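Trainee: Chains as they are written, first to last, in UniProt numbering: chain A, 1 to 227; chain B, 1 to 105.
Treat the hints as calculated values from the structure; they're not laboratory data.
Heads up, some of the hints might be wrong.
[What the hints assert, rightly or not] Below, a sample of chain B positions facing chain A; criterion: calculated Cβ distance under 8 Å:
1. F22
2. M27
3. V31
Given the structure is predicted, the values throughout are model-derived calculations rather than measurements.
A virtual CB, placed ideally from N, CA and C, is assigned to each residue, including glycine.
Here is what each chain is made of, one letter per residue.
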Amino acid sequence: MTTIAPPAAGTAASGWRGLVADWSGDRLAFAVPWGKAMMWIFLISDTFIFGCFLTGYMTVRIATTAAWPNPSEVFALTIGGASVPLILIAIMTFILITSSGTMAMAVNCAYRRDRVRCAALMLATALLGASFVGMQAFEWSKLIAEGVRPWSNPMGAAQFGASFFMITGFHGLHVSVGVIYLLTIAARVLGGRYEARGDYTIVEIAGLYWHFVDLVWVFIFALFYLW
Amino acid sequence: MDHASGQQHPIGVYLKVWALLFVLSTMSYLVDYFHLQGLLRWSLIVVFMLMKASLIVAVFMHLRWERLALVYAILVPPLCVLVLVALMVLEGDYIFLTRGAFFGG
Numbered sequence: 001m002t003t004i005a006p007p008a009a010g011t012a013a014s015g016w017r018g019l020v021a022d023w024s025g026d027r028l029a030f031a032v033p034w035g036k037a038m039m040w041i042f043l044i045s046d047t048f049i050f051g052c053f054l055t056g057y058m059t060v061r062i063a064t065t066a067a068w069p070n071p072s073e074v075f076a077l078t079i080g081g082a083s084v085p086l087i088l089i090a091i092m093t094f095i096l097i098t099s100s101g102t103m104a105m106a107v108n109c110a111y112r113r114d115r116v117r118c119a120a121l122m123l124a125t126a127l128l129g130a131s132f133v134g135m136q137a138f139e140w141s142k143l144i145a146e147g148v149r150p151w152s153n154p155m156g157a158a159q160f161g162a163s164f165f166m167i168t169g170f171h172g173l174h175v176s177v178g179v180i181y182l183l184t185i186a187a188r189v190l191g192g193r194y195e196a197r198g199d200y201t202i203v204e205i206a207g208l209y210w211h212f213v214d215l216v217w218v219f220i221f222a223l224f225y226l227w
Numbered sequence: 001m002d003h004a005s006g007q008q009h010p011i012g013v014y015l016k017v018w019a020l021l022f023v024l025s026t027m028s029y030l031v032d033y034f035h036l037q038g039l040l041r042w043s044l045i046v047v048f049m050l051m052k053a054s055l056i057v058a059v060f061m062h063l064r065w066e067r068l069a070l071v072y073a074i075l076v077p078p079l080c081v082l083v084l085v086a087l088m089v090l091e092g093d094y095i096f097l098t099r100g101a102f103f104g105g
């Protein structure tokens, strides 16, 4: 590669043209395909969004003088006459981890050019994600039926509802979008679009998004449901 | 290593991490199931959370096989959130005490 000297003052383009020239100065910082670098940048910005939500939740939980509802009891389900604490959340956690595992194997199959198996594993991942969203819808309806609202709830501190709906709602939105994203990519894998191009990086990039959704759930599970 | 060809690793690695994540999730669920309380509960929750998070980021998201330039670009900026957390802990405590003073706890 030839060495690129910075343009001398006066000869450099100015305005928008100059901005583009400066940012596309043929200097490569990250030795990864651009799509992957862009996905990482998006995920970092998403990290800050969820970081702010969780920090906000922490702040209102510290600051409230009313007792915080015990998540262990709020999210308990009665199975066979016995109340099992947090069981639905535990099942949702296992489902999301399983979907992360199938996604990782889909990436592996993609790079081995095993088109059918890759698409099947992505489809399995999307189905697991959809069932996760379904369980979340069940959990929401149950809590709403019990009188939990973003501004009040019968169990204790009013801020509980706001934090719950905001954090799990935003995460559920990410899972839903991820399901659509995975189905789109899986259909294209099966259709042979990436085979023709000879490049399956897109599956790995979609995988990054999906693993991130799982990663966020790890933090929500620990900090909101278990704390 | 040719990065254009992407991240390819044996499926066995994924299966092992998958199993580990299952074990760690079960253990963090058991923290709640056995009603552990206080400092023990919180430290266990955080330890299991960080272990799960690092496994996902390192193996599933392939970060341990990426070049250091990318790894640091990804991992260092989110640490800024910790500054916000520290500030908000102080602020939250202050609001709590103020509320106690005004509303008589």
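Trainee: For every hint, state whether the structure bears it out.
Mentor: Hints and how they fare:
1. For F22/B, the interface hint holds, the least distance from its beta-carbon to any beta-carbon of chain A being 6 Å, beneath 8 Å.
2. Taken as an interface hint, M27/B does not check out: its beta carbon lies about 11 Å from the nearest beta carbon of chain A, beyond 8 Å.
3. Below 8 Å, beta-carbon pairs count as interface contacts, and V31/B has one with chain A at about 6 Å; its hint therefore holds.
Consistency with the previously given hints fails for number 2 only.
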